[in-house]
Amino acid sequence: MESAKKQNNLLTIFGAIRQNKLISSLYIILSILQSVITFFVLILTAKAVEFLTLENFDSLIKCGILLLIIFLINSIIGYVKNLFFVRLKLRTLNMIENKFIDRILKISNDVYNSLNLGALTARINVAPSQLFNYLIMFLDTSTNVIMQLCAVIYIASSNIILAGLVVLALILIFVFKIIIQKNDRKNSNDSQNSYEELQGKTIEFIKGNKDIKCLSMNDTLNAEMDNLLKVYCKKNFKYEVWFYFIEAINSIVLSILSCAMLYVGIILYENLFITYFALIFIINSYERISRFVNKVLAFLRLITQINVNKKRINQVLRDDLMPIDTFGDKDLVELNGKIEFRNVKYFYEDTKLNQRLNDDLKTKRELKKLTKKHNKDNKEDNNLEEPKLILNDFNLTINPGEKVALVGKSGCGKSTLVGLLTKAMAPKSGEILLDGVPYNELSEDAIRGNITVVNQFPYIYFSTLRDNIKIAKPSANDEEILQACDKAYLTDFIKELPYGLDTILGENGVKLSGGQKQRVAIARAFLRETKIMVFDESTSSLDNFVQQKVQNSIDAIEGRTVIIVAHRLSTIMNCDRIIFIDNGKVEAEGKFDELMSKSKKFAELYTLRR
Amino acid sequence: MNTFTIKDLIKFIKWDIVTLMIIFGLLSAINVVQIDFFSKMIASTTESTMDNAKKFLILSFSFFMFGTIMYFINNLIIQFISKKLKYRLIKQLLNYSTRLKSSTIESTTSGVILWNIIFNPNSVLLALTEILSNIGQIIISLVLTIYMFILNYIFGLVMLVFFIINITYVFITIKKSIKMGMILRQTSKAYTSQNIEIINSHNDIKSLHTASSIHNNMDSIISNYDKSRTQNDLYRFKTNFGSDVMMRIFAGLIPIILGIVCQQYAFSIVSAIFILNNAQYAENLGAQMNYIYRLSCDIKIYADDIKKFTSPDSYPIESFGNVNILALKGDIEFKNVAFSYKYKYYNDAINYDFDKLYKESMSKKQTYYDIIKNDEDSSNITKQVFSNLNFKINAGQKIAFVGQSGSGKSTILNLIAKFDECQSGQVLLDGININDLTQDTIRNNICMVSQNTYIFNGTIRYNLQLVKPNASEEELWSACKKAYFDEFVSGLDKGLDTNIGENGIKLSGGQKQRLAIARAFLRDSQIVIFDESTSALDNEAQAHIQKSIDNFVGRTVIIVAHRLSTIINVDKIYYLQEGVITNSGTFDELMKQDNSFKELFLAENI
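Those sequence lines, one after another, are chains A and B. Heads up: the first sequence begins at 13 in this note's numbering, then just goes up one per residue. Heads up: the second sequence begins at 4 in this note's numbering, then just goes up one per residue.
What the hints contain is simulated information worked out from the structure, not anything from laboratory work. C-beta atoms are modelled at their ideal positions from N, C-alpha and C, and glycine is treated no differently. Hints may contain errors.
[Unchecked claim] EDC-like, lysine to aspartate or glutamate: derived pairs with alpha carbons at most 20 Å apart:
id, chain 1, residue 1, chain 2, residue 2
1, B, K87, B, D11
2, B, K43, A, E67
3, A, K507, B, E490
4, B, K87, A, D238
5, B, K104, A, D231
6, A, K561, B, E581
7, B, K471, A, E67
8, A, K400, B, D11
9, A, K400, B, D496
10, A, K111, B, D229
11, B, K94, A, D231
12, B, K575, B, E592
[Said to hold, decoys possible] One-sided and incomplete, this derived list gives chain B residues near chain A with beta-carbon spacing under 10 Å:
id, residue
13, I16
14, I20
15, K43
16, S65
17, M68
18, T112
19, L211
20, S215
21, F240
22, F244
23, Q266
24, S413
25, G428
26, E543
[To be verified] Distance windows between CB atoms, simulated:
id, chain 1, residue 1, chain 2, residue 2, range
27, A, N348, B, A341, 55 to 61 Å
28, B, G159, A, D70, 46 to 52 Å
29, A, D490, B, E592, 33 to 39 Å
Extracted from the complex, chain A is given alone in its bound form (with noise of 0.2 Å):
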């Protein structure tokens, strides 16, 4: 909650008005002398009434063409206004895409690892426009308030009963609010959850539509599928329904009110206490303070609403809850390519960090019911063991211009060293050292600038050939790439493409087999040639043929340090090292022959095979 404040970055309403000060206050004057006509345009109305019963009929024609002049000033500014709005929206919905993109490009793998990513997406997509919404309503909501509040002290000034009947009014509304605020926040959070959770399963569903199939996991999926939807078409009619509810409920306690009050004006018109235009006046300003009364309501539920949907946007912002990776500020400009690992420890987190957004979205006092229950419930949970550690103490060198191979069994901790080393996440403890500088004190271009990592599943775009491997260098040329393509062994099967270069490839390369998949990413790595290049099992859906003619390319590689991770034999044969990576440690490293009559364990890795 603390830091919550501290960071200055958050999404505020009143943020997002500070940063357009100049259109906000124009569309603020405009609403307002909209506002000030409408209350002339009713003060005319009243008149022309009264002209009516009057049988006045050439001052009710003057005062039509009055009315007809003033509406027509009011378009033209509602006109103006909506220029204004048009203004605000492209400022305000930029400013707070772009800083969700910002964000997301930044988040530390840590939190992406906990979280589901469909659900994060929904909250991304729906929330710019959900902010400006309300940063509109805000606007046009308060001014509005403000100005009939002006009327209706007015009208209350001029009238005692009037104005007690306002106090009680505004009264009730506020006790009203407090009893139903907690509703109001449940009922928005429980709508957009449901929502996050459905798009999310969505976006699985339509991920997985190759392995439901393979698999024929159809109906279990559909069944849950169907669940979300009807707890979310549940809980979104439920948050609209309440809505209506307490709007009704609302009316019918203001006019009972309202009647009382008229009741009451023609009680004392009738003993003479009031003159009849007294009484008219009550009578043709009771709507007005209803409608007020209405507004304040309103006001306050949006309020509500602002509130809760700021906290669910800001969640995304906050470096408490989805923490960002952070950098130094030293840069290297001249890079040798040595590497040091220092005692380095590191293993998953549980950060519950689900568990830890959802309470965050509850009021203290509904989480302090909940820790109780909690503790009561977990007693045991309390004395968890120990996190399962991947890496334990690992100490590495690795020289300058050097080619090392990091082997080990699946999941003993060879893809977490490669993302450490792109700082992707941080070691518990232990330090990194780049050039014999600790990766604390270096900034973003002095790591990532320098290495480049080659994913065993890389991620191909929806997007052209081209644009995919043009990634990695936004500069190249066609040569370069293809000089790149021709190193990753691509060129073949560019020919083959229809459109060579320029066909597109599908969302994730859906279109491609593994190996071509793995091939674009050689590609993109080739055309960056950074001092640091890890392939983290980057070959392994080659067939031997391209493999080989892949391999040559990397071995290739001069005056850069190489790091390749790899199961297949002939992948690591030619490395200088090979370190062979077992229970979070370094087990034995050298050739690989000296290996295999070195560890016991890396010969039975090895010799099953044969």
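Once you've looked at the hints, dock chain B against the given chain A.
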């Protein structure tokens, strides 16, 4: 589900709408009575008959409260309709999406499919709900307006003229509005798709330090999105301004007309007060009709998209026959199979150059669809994989397909599992043409472990039970054991109940593959296909799984693998080169007979 139409939708809620209309009628009647009582109350005060005034006051407010309750019920029904429709529509679309060919889904992005399944129906229903709740207002306005029309025909005639002008104006502007809405939908789709892609590729973005170029790319998408939003808004405001001015002029004219009418003719003052007090309803009627017309355009914009999504011509679905066989024996035969691969993709997901799209769509008579469609049609390029493929696999055999990438191995598997259909020739399962078999027959008897398998967000147990919901603890563990996955699972704190993240993000490549294999073991169907499913495993694990695969007794097993050491024990190996089976036989036979095969094997073991 057949192709979606608005008509079906309306038919589905026929009776709800009838109920709604009755309540609307009642509501407007109540309103008229209430307003009538209220003006009578005012009249009574003028005439100083205070008892009457009090009576009418109470009556008026009682009717008002009654009206409020009816109004709530009215909203309740509307929300109920919306809920009912939303459930039905999204469910239908979900079901439809499960029937789509995999190749269809692969030709577009998950963002686009998501749009079609969730965003489009939500947008349609939002507009529909809005229309339904406004119909009530319109009916009230209409009744009052007609009443005023009856009270004074001059007033009525002026009103009519304004309505006609207004509606004509809206009618003229609407076409452009729809075109703009479609472009907006398009740019918004691109934004959603890109968002999903960025989140899913976060690891690669970091690995390649490419955040800034991704951001630039996104900037152009956002700028397109912005442009279309702005254009859309501006145009709407402009047209709204036009009709607003018209209705305002009318509103200003009312007192003038009333003044003249009352001056010239002996027109009742009470009626005049009634008209003046309620003229706003007549004014609003114009704006409301305008609004409803625009909403129905929104419906058209999104319903068209749903219609496109649900028509098999544009989004092809799988088709099956009706021969049902509970348990196949497992014979597979390819007879003169020819297959060409189609390079098709949907332009829906592409970030179009907004200015170009806008210009083309606005200036020509073309709609957005025509432009997209032309592009899509030209993307329909085919590439032949096989011209004449023949082989026969007997039930219970273990078979491997070997060949360089691009030689057609995966295509064969896709044809067997019916993810694709051959253009000529026949694929026979147990001697029956695969096109005649039902979906259940094929899917329940064939199980495939693909090379990049998808793991769902949830626990290990959940992922396993997706395949067999009522699997016992024992079955789960034995499947894990066969996939050589049990050691890893039992080492976890929470065992089978460990959450492994979306797409198994917390697992290593090898662990993911083993989980996928465990699913296949649990499924235990007659034909099992392994498509490069052990590529990420270390040698030890691979050797173990090899043994487990050997344990598939009596099942037809088909393996595609690059690492030839994994297929040494199979009964028969088909060696594929560029879509032709050049050789077949056991491993030893091929090693002796086929030099090219031998080279391929040796390349692995330098």
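query = Which hints, by number, does the structure contradict?
reply = Per hint list: 3, 7, 8, 13, 14, 15, 25, 28 and 29 violated.
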